[in-house]
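Take 58 as the starting number for the sequence shown in my numbering and just add one per residue.
Bear in mind the hints are in silico, worked out from the structure with no lab data behind them.
Among the clues, some could well be false.
[Said to hold, decoys possible] Label pairs and their calculated CB-CB ranges:
{"hint": "1", "residue 1": "K164", "residue 2": "K112", "range": "30 to 40 Å"}
{"hint": "2", "residue 1": "K112", "residue 2": "G174", "range": "37 to 47 Å"}
{"hint": "3", "residue 1": "K111", "residue 2": "K134", "range": "17 to 27 Å"}
{"hint": "4", "residue 1": "S110", "residue 2": "G176", "range": "20 to 30 Å"}
{"hint": "5", "residue 1": "Y175", "residue 2": "A113", "range": "17 to 27 Å"}
[As the list claims (entries may be wrong)] Simulated pairs of lysine to aspartate or glutamate, DMTMM-like, Cα-Cα distance not exceeding 20 Å:
{"hint": "6", "residue 1": "K121", "residue 2": "E93"}
{"hint": "7", "residue 1": "K111", "residue 2": "E181"}
{"hint": "8", "residue 1": "K158", "residue 2": "E93"}
{"hint": "9", "residue 1": "K152", "residue 2": "D105"}
{"hint": "10", "residue 1": "K164", "residue 2": "E93"}
{"hint": "11", "residue 1": "K121", "residue 2": "E181"}
We treat Cβ as the ideally placed atom computed from N, Cα and C, and that holds for glycine.
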Amino acid sequence: MNFILPRKRKLLYTGGFLLILILSLVTFVPSAYAMESKGSSRVAFHTDANTYSKKATTIVVRGKATGAGVQVSLMKKGSNKILKYISVQNKETYKVSFSLKGLKSGKYDIIVNGEWGYGSFHAELKHYLTVIR
């Protein structure tokens, strides 16, 4: 009986240690968003991935909006031409999706612009997104 009791206790301690380790990793590992923005924190945003393969169908963008709303734009690297844009009105946070249909392989940028009162706010991705077709 003395032999079994310490063995159960050892198993209990090991199980408890593993449970605490797993919970601490889940709790303290930051959320992994693929790509974050730089610029104004008033219109900060992030995307769901860095690279979009042939199987990908959309680019998902989540972020904060100003009181008057924001415009979320998709642009090709090196171009000032807006390929697609989505206006978001009357929301503090938003989630929008850009279809990858019709986009060619290359590097793309997401730009968010918003206004509130006399201020205008701008944010863009820290790095370009890669689309593979």
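So, going through the hints one by one against the coordinates:
Our hint of 30 to 40 Å for K164 and K112 is violated, since their Cβ atoms are close to 19 Å apart. Between K112 and G174 the C-beta distance comes to about 43 Å, which sits within the given range of 37 to 47 Å. Distance hint for K111 and K134: a CB-CB separation of about 19 Å, consistent with the stated range 17 to 27 Å. For S110 paired with G176, a C-beta distance near 39 Å fails the hint of 20 to 30 Å.
Judged by the Cβ atoms, the range 17 to 27 Å given for Y175 and A113 is violated: they are separated by roughly 40 Å. Annotation: proposed proximity of K121 to E93 holds, straight-line Cα distance about 12 Å (limit 20 Å). With a CA separation close to 24 Å, the supplied pair K111 and E181 exceeds the 20 Å bound. Annotation: proposed proximity of K158 to E93 is violated, straight-line Cα distance about 23 Å (limit 20 Å).
For a cut-off of 20 Å, the pair hint linking K152 to D105 stands: about 11 Å separates their Cα positions. At most 20 Å may separate the alpha-carbon atoms for a hinted pair to count; K164 and E93 meet this at roughly 16 Å. At most 20 Å may separate the alpha-carbon atoms for a hinted pair to count; K121 and E181 meet this at roughly 13 Å.
Checked against the numbered hints given earlier, the structure breaks hints 1, 4, 5, 7 and 8 and satisfies all the rest.
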